[in-house]
Structures are given as structure tokens and as C-alpha cells.
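Chains A and B are the protein sequences, given in the same order. Start counting the first sequence at 1; every next residue gets the next number (the numbering used here). Start counting the second sequence at 1; every next residue gets the next number (the numbering used here).
Among the hints, erroneous ones may be present.
What the hints assert, rightly or not - Straight-line alpha carbon distances no greater than 35 Å define the calculated DSBU-like cross-link-like pairs of lysine-lysine that follow:
1. A/63 / A/2
2. B/63 / B/2
3. B/2 / A/186
4. B/186 / A/186
5. A/124 / A/186
6. A/124 / A/63
7. B/63 / B/124
8. B/186 / B/124
9. A/2 / B/63
Unchecked claim - Reference listing, derived: stretches of chain B covered by chain A, where coverage requires no fewer than 3 residues with Cβ under 8 Å from a Cβ of chain A:
10. 8 to 18
11. 144 to 155
12. 261 to 273
To be verified - Among the chain B residues that face chain A by a calculated CB cut under 8 Å, a handful are:
13. 70
14. 116
15. 163
16. 164
17. 191
18. 192
19. 196
20. 203
21. 239
22. 243
23. 244
24. 253
25. 277
26. 285
27. 287
Everything labelled a hint here was simulated from the structure, so no lab data went into it. We put the beta carbon where it would ideally sit given N, CA and C, even for glycine.
These are the residues of each chain, in order.
2 protein chains.
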Amino acid sequence: MKVAIIQQYKTADIEANRNRLVAEIRRAAAQGARLIVNQELHDSLYFCQTEDVDTFALASDLKVSGELYSALARELGVVIVTSMFERRAAGLYHNTAVVYDADGSEAGRYRKTHIPDDPGFYEKFYFTPGDLGIHPIDTSVGRLGVLVCWDQWYPEAARLMALQGAELLIYPTAIGWQDNDSADEKARQLEAWTTVQRGHAVANGIPVIAANRVGHEDDPSGATSGITFWGSSFAAGPQGELLWRAPADSEALGIVDIDLQRCENVRRWWPFLRDRRIDLYSPLASRYLD
Amino acid sequence: MKVAIIQQYKTADIEANRNRLVAEIRRAAAQGARLIVNQELHDSLYFCQTEDVDTFALASDLKVSGELYSALARELGVVIVTSMFERRAAGLYHNTAVVYDADGSEAGRYRKTHIPDDPGFYEKFYFTPGDLGIHPIDTSVGRLGVLVCWDQWYPEAARLMALQGAELLIYPTAIGWQDNDSADEKARQLEAWTTVQRGHAVANGIPVIAANRVGHEDDPSGATSGITFWGSSFAAGPQGELLWRAPADSEALGIVDIDLQRCENVRRWWPFLRDRRIDLYSPLASRYLD
């Protein structure tokens, strides 16, 4: 199955962002992609660099903001993984991935469960932790383990998806460097980000798709020099092997052939699910064991 | 803290294996190592290539087989992580890591919990799954998260160690290639093995030490052409960064400086433990969620 990974820079012009994204989705479909994975919060700048109540105006009812992608999925006959700023009620917002099936219907949605809060990534201010649980979404191209950004650091989330039969792990994401980090530190961060997700592929015997943002975005508060999103979107196979990787500094469209049958074989060779010591795992639901 | 990683080939001559290992432990201590990590089942060949009841004769009371290492730890003033074939009772055997503290006392032991069973690695025949649970071992050089080989594929085991304050993950291991695998497949396997463990380092913000066997060992049954253990022992820091890696085809002694203070900083930058969704993790103790 051909999977498209779209890596773009974003501007403050939402209409322009959407137009450029639609053009790229059309290009991906024309190249045979049946599943199209977008980066996190693809309609806008990454607005969590500051805490500003006016920014909630960017959120919307997903029925409205998703209509464009639903129509596009139907027209092109492709499955599209989107990532949007959901206004659920006044004062209640989520970072939500919506998956549109090839007939334009909503196959399912996932509300980001693990919410970061670090300098420049003030997400706990904007996003209520997801209350839909961690569950894969069934589509016409397979059962998709859609998670979002910070989730990617959590082996628990990946494993829960695998235990529910997810055939692919998919991470829309927005991650980058603060400009005052050293070159060494930047390299370690990028490699750590790639490694932990490839690790999920290995531990669970399923492919991983990560779609990241690229380019520099200023800090509106001026407190920092902003974030340079590191691109490097990638696809890895069920042994964690890199199948494709985007550049760190420019837009990219990856069209990657994913062989879902290969997972069956890899899990026969490496039957990790067989040997899990579930009698010992209950303490994983503890905050800390002291 | 200087940590030594010893990577050796083994022969059928147990006395010779132990003598060569003792020499290497002395060399490591002379180079300033305070913690010395050995490979899995370092006293013998990897005997699980066939199922043979006579092989149980290799197992012993750990008080007996460990005396040498206990005395050496005391003499050299170092902490030694050993891996032995434990005879606990008639018909009851374990694959057990024993840690000797710098005063020669037994700091603790860990009985391998995840037991593989694959062609050439018939461990379920030999080793009863560990019943000591998954707990770190306190020593004079820190709290050590000692796991063994197949455990290395399980994020659950690494996380349980981290949640109990382990400062290092340590994997004595014996893993290699079957000779009929293609070069591509061999490369993927070695990289997957490295990646999943580096992923544990990243997800938990702690260093990982893996000590592997090296060299070819015949299949006594003649059914296969045997196993070529792939060496490539390594140390990774708390961002998964490779600090040292041994060659795939020869013996090696790594002396690696591990900065335990660095973990404190890495976990401040990447506070993954803060955001775990423990309300969602109970199903991890299920075999499968169907």
C-alpha cells in the first residue's frame, strides 16, 4: 500500500496553508497514495509558543474545519489523516486527529492524550487531555494506530494500539529545535525522536509513520528566538528499518510502499507478543513505584 | 562513573572461559571501571541451540558458581554483573543475573522473566520464567536495572525498572545471526536490536548497557549451521545517544564514562514521567485486547 507523508512549512495565512496542503494531497493521490498522513495542526502556525487566550479563536468545530478534507478524501478516494484544533465547547479544546475514509465519512477521531508543556510548547494551556482513550481507527486501508506528537515518546501508547490490532502507527507531529541549543544537542534530539519511534516499530512489529512540520516559526512574544521545526518525517518498517526520511530543512512529499503482510512474518520470527509477562505489568498503571 | 562492558567468544571449556573472563575483569578494573557488565551465560557456550536433558548438568547452585566472581568483586573493589545458569531444585532452573557488590556480597539477583523460544534459541526448555519480579538492584555504584537478553525487546520491563528508580538499564545478552539469513536481514536485525534498547534509554531518560557474546558456535545437533553471535555490545546515554559500540566480529572491552547526573537534566528537558496517562494503562496487563 502506498502511503503519503506530507511535510510542509506553515504561515499565519490559514487559507493559504490549506490551499497549499490541498495541492499536495492531490499530488500524493495522483502518485498512487491510498493513505495520506499530515503533520500536526497543519492548518496553522504552531501556536503554542505562547499562552494567549485570543489564540483559541483558531479552534473550530471539526465538522466545519474538516469539511474540506472530507470532501477531498471522497473526491480522490483516499484515506486522509488530519490534525486539528478542536473546539468542543466554550473553554474546552482538544488537539484532535480526524481520519476521513475514502468515501469521505469520518472513520474516527483521536484526541491527543499525552500533553506536553515545555518552554515554547505550552500545550497544557490549550489542549484538554483526550478522553476518547487510546484506540485504533478502522478504515478501508486498515486499522490505523493514530497518535499525536508527544504521544510518540510513550511506549505504552504504541503498545496499547498494537494490542488492539493496529496495523500501522501514525504520528502527526510538530517538533523542532530551539535555536540556542548546540549542534550536538540538536543532533541528539533529532536522533532520539527518530529512535524512540523506530523502537515502537520493533517492539510491536508494525510500521511507523511520522509526519513533521518544517521551517522556522517566530515566538510571537519575542521571549525566545522561536522554533525551527526539524522536518525529518519518516516511515519505518516493522523491524524499525527506515524506509524513507525527509530532509530537515525543506518541504517534502514521501510516497512510501508499506507491505502490511511483512508484519505477519516479522511477528512470526520475533513473537514478542507471545512472551509478555502480563502477570507483572499491572504496576505500569502507577505514577511511580516508591 | 566508568563502566566496563566485556564482549567475548566462548568455548566448551568452562574453566578456560572463566579464566579468560577473570583476566578481562582484572584488566577492566585496572582501567578504572567501577561497574563491570558481562554477557549472558558467560561461563559456557550458548547451550540452548538444542534441547538436551544432559545439558542441565551445566547448571549449578549460584553460591558455588558465583564464588569466583564474589571474591573477585571484593578483591578488586568493583561491582560485577554476572549471568549464570541457576539450578534452584531438581527440574527447576533459571537464567539468572547475580550482582556482586564491591565488598563481595550479593547485592541482588534477577531471574530472566521473558523467555524466548525460537529455532536455535530453545530457552523455554531450559529456563523457568523468573519469579522474583522485575526490580532494580541497589549497589554501591547505584540502583541497577538488570534485565537479561529477550527482556530487551520489552518496553514494559524497561519502564518498570525506571519507575522503581533504576539509574541504568543493563542487559547481559546472547544474540546472533543464523547463517542462512541474507545480509540485508542480518543488518536489519542488528539495527532493530540496537534501536529498541536505545529507545528504552530515550523513553526513560536513563543510560543503557548491553553486553553481548561474539563469535560462531556450532549447533550440536547439526540441524542448522549454528549461530554467529553478533557482538556489537554498546552503551547509550539517556537520550539514546551511542557512547560506545563494540565490533560485530571480535572480542572487545569497553570502558565507558557514564554521567549519571546527566539523567537528571535530560528528564527535566523531557519530562516524560510527568505526563504518563496512568488512567489509560491498565489494559497493558492484558494478553490482547480483542
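Holds or violated: the hint that residue 253 of chain B contacts chain A, with Cβ atoms closer than 8 Å. Violated, because the Cβ-Cβ distance from residue 253 of chain B to chain A comes to roughly 26 Å (cut-off 8 Å).
Would you mind confirming whether the straight-line C-alpha gap from residue 2 of chain A to residue 63 of chain B stays at or under 35 Å? violated (58 Å)
Return the status of the interface hint for residue 243 of chain B: holds when the least beta-carbon distance to chain A is below 8 Å, violated otherwise. Result: violated, 11 Å to nearest chain A Cβ.
Agreement of hint residue 192 of chain B with chain A interface, Cβ distance less than 8 Å: With a closest approach of 5 Å, the residue 192 of chain B hint holds.
Residue 124 of chain A and residue 186 of chain A: Cα distance at most 35 Å? holds (24 Å)
A closest beta-carbon separation below 8 Å is what the hint needs, so does residue 239 of chain B meet it against chain A? Status holds, d = 4 Å.
Holds or violated: is there a CB of chain A closer than 8 Å to the CB of residue 116 of chain B? holds (7 Å)
For the hint on residue 244 of chain B, just tell me whether its beta-carbon gets within less than 8 Å of chain A. Because about 15 Å separates residue 244 of chain B from the closest Cβ in chain A, which is outside the 8 Å limit, the hint is violated.
If you draw a straight line from the CA of residue 63 of chain B to the CA of residue 124 of chain B, is it 35 Å or shorter? Holds. Residue 63 of chain B to residue 124 of chain B sits at ~24 Å (cutoff 35 Å).
Check whether the Cα positions of residue 63 of chain B and residue 2 of chain B lie no farther apart than 35 Å. Given that 35 Å is the threshold and the Cα spacing comes to 27 Å, the pair holds.
Given as covered by chain A, does the stretch 144 to 155 of chain B meet the bar of three residues or more with CB within less than 8 Å? It holds: at least three residues are needed, and the stretch 144 to 155 of chain B offers 4 whose Cβ sits within less than 8 Å of chain A.
So, residue 163 of chain B near chain A? Judge it on the closest CB pair being under 8 Å. Given a least distance of 5 Å, the restraint on residue 163 of chain B holds.
Checked against the numbered hints given earlier, the structure breaks hints 9, 10, 13, 22, 23, 24 and satisfies all the rest.
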